[in-house]
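Asks: Each protein sequence line maps, in turn, to chains A and B.
Counted from 1, the first sequence has number 227 at position 227 by UniProt numbering; the numbering is strictly sequential.
Counted from 1, the second sequence has number 168 at position 168 by UniProt numbering; the numbering is strictly sequential.
Calculated from the structure, these hints are not laboratory results.
Bear in mind the structure is a predicted one, so any value in this text is a computation, not a measurement.
Any given hint might turn out to be false.
Unchecked claim - With a straight-line cut-off of 27 Å between C-alpha atoms, the simulated DSSO-like cross-links for lysine-lysine are:
hint, chain 1, residue 1, chain 2, residue 2
1, B, Lys224, A, Lys261
2, A, Lys224, B, Lys5
3, B, Lys283, B, Lys60
4, B, Lys111, B, Lys71
5, A, Lys111, A, Lys85
6, A, Lys224, B, Lys224
7, A, Lys60, A, Lys71
8, B, Lys224, B, Lys203
9, B, Lys224, A, Lys5
10, B, Lys261, A, Lys224
There are 2 protein chains.
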Amino acid sequence: MALPKNVLIREVGPRDGLQNESVWLDTMEKRTWIHLLEEAHLPYIEVTSFVHPKWVPALKDAKELAQSLNKKEDITYAALIPNEKGLAHFFEANLELGAMFISASETHNKKNMNRSIQETLPVIKQMTADLKAEGRQTRAYISTVFGCPYERQVPMDQVLRLTEQLLSFGIDEISLGDTIGEAHPLQVERRLDLLLERFPADKIALHFHDTKGMGLANIYTALKAGITMFDASSGGLGGCPYAPGSSGNVATEDVVHMLHKLGIETNVDLPRLIKAAEWIEAKVDRTLPSHCLRAFQSHTT
Amino acid sequence: MALPKNVLIREVGPRDGLQNESVWLDTMEKRTWIHLLEEAHLPYIEVTSFVHPKWVPALKDAKELAQSLNKKEDITYAALIPNEKGLAHFFEANLELGAMFISASETHNKKNMNRSIQETLPVIKQMTADLKAEGRQTRAYISTVFGCPYERQVPMDQVLRLTEQLLSFGIDEISLGDTIGEAHPLQVERRLDLLLERFPADKIALHFHDTKGMGLANIYTALKAGITMFDASSGGLGGCPYAPGSSGNVATEDVVHMLHKLGIETNVDLPRLIKAAEWIEAKVDRTLPSHCLRAFQSHTT
Numbered sequence: 001m002a003l004p005k006n007v008l009i010r011e012v013g014p015r016d017g018l019q020n021e022s023v024w025l026d027t028m029e030k031r032t033w034i035h036l037l038e039e040a041h042l043p044y045i046e047v048t049s050f051v052h053p054k055w056v057p058a059l060k061d062a063k064e065l066a067q068s069l070n071k072k073e074d075i076t077y078a079a080l081i082p083n084e085k086g087l088a089h090f091f092e093a094n095l096e097l098g099a100m101f102i103s104a105s106e107t108h109n110k111k112n113m114n115r116s117i118q119e120t121l122p123v124i125k126q127m128t129a130d131l132k133a134e135g136r137q138t139r140a141y142i143s144t145v146f147g148c149p150y151e152r153q154v155p156m157d158q159v160l161r162l163t164e165q166l167l168s169f170g171i172d173e174i175s176l177g178d179t180i181g182e183a184h185p186l187q188v189e190r191r192l193d194l195l196l197e198r199f200p201a202d203k204i205a206l207h208f209h210d211t212k213g214m215g216l217a218n219i220y221t222a223l224k225a226g227i228t229m230f231d232a233s234s235g236g237l238g239g240c241p242y243a244p245g246s247s248g249n250v251a252t253e254d255v256v257h258m259l260h261k262l263g264i265e266t267n268v269d270l271p272r273l274i275k276a277a278e279w280i281e282a283k284v285d286r287t288l289p290s291h292c293l294r295a296f297q298s299h300t301t
Numbered sequence: 001m002a003l004p005k006n007v008l009i010r011e012v013g014p015r016d017g018l019q020n021e022s023v024w025l026d027t028m029e030k031r032t033w034i035h036l037l038e039e040a041h042l043p044y045i046e047v048t049s050f051v052h053p054k055w056v057p058a059l060k061d062a063k064e065l066a067q068s069l070n071k072k073e074d075i076t077y078a079a080l081i082p083n084e085k086g087l088a089h090f091f092e093a094n095l096e097l098g099a100m101f102i103s104a105s106e107t108h109n110k111k112n113m114n115r116s117i118q119e120t121l122p123v124i125k126q127m128t129a130d131l132k133a134e135g136r137q138t139r140a141y142i143s144t145v146f147g148c149p150y151e152r153q154v155p156m157d158q159v160l161r162l163t164e165q166l167l168s169f170g171i172d173e174i175s176l177g178d179t180i181g182e183a184h185p186l187q188v189e190r191r192l193d194l195l196l197e198r199f200p201a202d203k204i205a206l207h208f209h210d211t212k213g214m215g216l217a218n219i220y221t222a223l224k225a226g227i228t229m230f231d232a233s234s235g236g237l238g239g240c241p242y243a244p245g246s247s248g249n250v251a252t253e254d255v256v257h258m259l260h261k262l263g264i265e266t267n268v269d270l271p272r273l274i275k276a277a278e279w280i281e282a283k284v285d286r287t288l289p290s291h292c293l294r295a296f297q298s299h300t301t
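Just chain A, same shape as in the assembly (with noise of 0.2 Å):
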């Protein structure tokens, strides 16, 4: 198949980048960073989080920070969402895009929700009524769709089943994610072909990270199998508290930058999008995974 001519950037650094780091950004910093990838031209930006700050303190201001912020009109602002009561502040903070969350496994599912899937739809179903009633866009992440660290083997029947559930509420875009960073490109092939036999490629985004430093080599098999959908994250900031040694989303220069190569337009500023990364990676003040983000920097020093 042709690779198509252009792609959608998710950028999730903000919430799933920032929900991983011990380190603290007070609302400013947030809006500074925020700011520098608004620059960079990505069309989504996840900016936060309304999970309880018991479970995650580093984004406890999600309220005051959304509500801060100097919106652009061609930008998609989302946060996460994870129930009724995370709906209410979402509303109040008066963002685009609300995105929830399930998982493929039963087992991650339980440790991140603390409910079974069965239990976790009902809950989806009624959120995303009330996103749809209020004029809101929706997106749903499904984890462990190539892997479960409890479980490890996740079957095929499960992601699909749950695709179409979630697509049956009326959600807009269903986001798989390889949450352990153990997706390989035969894999992906071989998933996407049955995804993709049943669903619209234009409804799904991939969520890779590049544990294994496969996160490239998957993106360009999903191009290849027709998906033009990619959450990535500034830096390559972030990963999984739920999923032991599951450090590392793709990082956000890397895709823009093989994409562009690919001739495949995303409307990002690749120098822009590193000097986002380079702000991001000099406040948690630690070396970030970023390939691009290393090279662009050696070639100036």
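With the hints as your guide, set chain B onto chain A.
Replies: Chain B alone, transformed into the frame defined by chain A:
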């Protein structure tokens, strides 16, 4: 095209990795590292280089090191040879395979070899004849196959012409190098299409850098085109001293891990390979870019 069943890994860390490090490993330390690589059952180890010590002081003990090895029967011990003077030392060192090198771009060849491509070819031809007369195996590196730090674009015609000439000398395998780490999978696909129309896949190895995170994406693409030999460096050590910003050979652990995930046999023992990478990382005393080194360490700490 279906993936191959078996792949041969060419371990180049002790030569290509060390030649780019400022750290000095004495002969005994190099032997220790090579021994750890032998224990991982790598089928090929490029142990040193007979380049003049003035250019690569890190490998100035080339002959002494080679003579001190307790060689295993099922491993090919190789070394880089730049010219006839190096060849004399190589024969004294009694190794199995001599690797020669040339660039696909004139400027890079001049900076690297201090002579033109046309002047380099007869030297390689003569060395190949001498090596074969002594019953040795032969390999030739072509650098800058996917781009040059000085000339940027490198015409594929030049790569095809050089490959043809080198094979006509009777050289056993040609390693095509992504010297600046800018090859992308679509380019790999296109260049291999042209190459494998003319030459048998089992004569071609690929040598990728992971500078921009595309190392494994390029390898996966090459596997699908039918390539079954890949160069890699333990821990991801090394780069090219004449190509600014080109740090990062693809890490042997990352390559082997992906191949095994894909169901491809390498005969390499991954846990022992991680041990070898841990050892060299401690020795050079900086964080190496290998993904699997990090991932497997973080599982145990």
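Asks: If a hint holds in the structure, say so; if it doesn't, say that too.
Replies: Hint-by-hint comparison with the structure:
Restraint check for Lys224(B) and Lys261(A): satisfied, since their Cα atoms lie roughly 20 Å apart, inside the 27 Å limit. A distance of roughly 23 Å separates the Cα atoms of Lys224(A) and Lys5(B); the hinted pair therefore holds under the 27 Å criterion. Proximity of Lys283(B) to Lys60(B) is assessed by CA-CA distance (about 18 Å); at most 27 Å being required, the pair is judged to hold. About 34 Å separates the Cα atoms of Lys111(B) and Lys71(B), which puts this hinted pair outside 27 Å; it is violated.
Taken as a hint, the Lys111(A) and Lys85(A) pair is honoured in the structure, with Cα atoms around 19 Å apart against an allowance of 27 Å. Restraint check for Lys224(A) and Lys224(B): satisfied, since their Cα atoms lie roughly 13 Å apart, inside the 27 Å limit. Annotation: proposed proximity of Lys60(A) to Lys71(A) holds, straight-line Cα distance about 20 Å (limit 27 Å). With a C-alpha separation of about 16 Å, the suggested pairing of Lys224(B) with Lys203(B) holds against the 27 Å cut-off.
A distance of roughly 23 Å separates the Cα atoms of Lys224(B) and Lys5(A); the hinted pair therefore holds under the 27 Å criterion. For the given pair, Lys261(B) sits about 20 Å from Lys224(A) by alpha-carbon distance, which is consistent with the 27 Å threshold.
In terms of the numbered hints stated before, the structure departs from hint 4 and from no other.
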